[in-house]
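*Asks:* Going down the list, the sequences are from chains A and B.
Note that the first sequence ends on residue 111 in my numbering; no numbers are left out.
Note that the second sequence ends on residue 118 in my numbering; no numbers are left out.
Because the hints were derived from the structure by calculation, they are not lab data.
Please read these numbers as outputs of a predicted model, since none were measured by experiment.
Don't be surprised by glycine CBs; every beta carbon is placed ideally from N, CA and C.
Please note: incorrect hints may appear among the correct ones.
What the hints assert, rightly or not - Listed next, the stretches of chain B that the computed footprint assigns to chain A, with coverage defined by at least 3 CB atoms under 8 Å from CB atoms of chain A:
#	region
1	16-25
2	108-118
Unchecked claim - No more than 27 Å apart at the CA atoms, straight line, and that leaves these computed lysine-lysine pairs for BS3-like:
#	chain 1	residue 1	chain 2	residue 2
3	A	K69	B	K106
4	B	K41	B	K66
5	B	K106	B	K55
6	A	K3	B	K64
7	A	K3	A	K69
8	B	K14	B	K64
9	B	K55	B	K20
10	A	K3	B	K106
11	B	K41	A	K3
12	B	K20	B	K106
13	B	K41	B	K55
14	B	K20	B	K66
Spelled out from the first residue to the last, the chains are:
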Amino acid sequence: DAKTTQPNSMESNEEEPVHLPCNHSTISGTDYIHWYRQLPSQGPEYVIHGLTSNVNNRMASLAIAEDRKSSTLILHRATLRDAAVYYCILRERTGANNLFFGTGTRLTVIP
Amino acid sequence: GAVVSQHPSRVICKSGTSVKIECRSLDFQATTMFWYRQFPKQSLMLMATSNEGSKATYEQGVEKDKFLINHASLTLSTLTVTSAHPEDSSFYICSASEVRGTSNEKLFFGSGTQLSVL
Numbered sequence: 001d002a003k004t005t006q007p008n009s010m011e012s013n014e015e016e017p018v019h020l021p022c023n024h025s026t027i028s029g030t031d032y033i034h035w036y037r038q039l040p041s042q043g044p045e046y047v048i049h050g051l052t053s054n055v056n057n058r059m060a061s062l063a064i065a066e067d068r069k070s071s072t073l074i075l076h077r078a079t080l081r082d083a084a085v086y087y088c089i090l091r092e093r094t095g096a097n098n099l100f101f102g103t104g105t106r107l108t109v110i111p
Numbered sequence: 001g002a003v004v005s006q007h008p009s010r011v012i013c014k015s016g017t018s019v020k021i022e023c024r025s026l027d028f029q030a031t032t033m034f035w036y037r038q039f040p041k042q043s044l045m046l047m048a049t050s051n052e053g054s055k056a057t058y059e060q061g062v063e064k065d066k067f068l069i070n071h072a073s074l075t076l077s078t079l080t081v082t083s084a085h086p087e088d089s090s091f092y093i094c095s096a097s098e099v100r101g102t103s104n105e106k107l108f109f110g111s112g113t114q115l116s117v118l
């Protein structure tokens, strides 16, 4: 059911930008792209979401490809608290609108 | 921001007993709540979707008689693991959505419940 592909793991140095990629080649025109992150032993936390245009909030930026088949979550300055598993998810407009989680990307931030 | 409270955070029980996990939306009305299960080093697996006032919809392979879900109010959903066995030991997470049928809305997650069945 998960329709996104992410690298299993990535590393970043502290205070450097991080670009987390996600492929969703089967995305439909009405699917929203959501990003959540999960710290150890906690529930997931909302990061950002978008449909077509790039989005910015206080946590991150979301860059969406023109054909919407891929997107990139950008953390502008990684901190140790950003170490988590990041999930890129498509939220379907049809059906129950639930979120199916893929394997996610485990981000390690190096001090 | 919206908060989802999940209790208990950790529970240890004997095999054969039942365990109830509560999920509350504290500052919004959750028309839809979702229950997930997560095994160590794995991703979240959707178990069921519950809409207030109606029966839950279970994902394939999830036993509805074993995992009882009640969503009697707009702020509370409960998951009861009946006759728990060691293989039910897992991290259970709930999430809530304020608006039904809108994929633009973000989900809010509880902090999870670590169930250990001895």
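*Asks:* Work down the list of hints and note, for each, if the structure agrees.
*Replies:* So, going through the hints one by one against the coordinates:
no., hint, verdict
1, 16-25, "violated (count 0)"
2, 108-118, "holds (count 6)"
3, K69/A to K106/B, "holds (20 Å)"
4, K41/B to K66/B, "holds (24 Å)"
5, K106/B to K55/B, "holds (23 Å)"
6, K3/A to K64/B, "holds (26 Å)"
7, K3/A to K69/A, "holds (11 Å)"
8, K14/B to K64/B, "holds (21 Å)"
9, K55/B to K20/B, "holds (17 Å)"
10, K3/A to K106/B, "holds (18 Å)"
11, K41/B to K3/A, "holds (20 Å)"
12, K20/B to K106/B, "holds (26 Å)"
13, K41/B to K55/B, "violated (31 Å)"
14, K20/B to K66/B, "holds (12 Å)"
Violation of the numbered hints given earlier is confined to hints 1 and 13; the remaining hints are satisfied by the structure.
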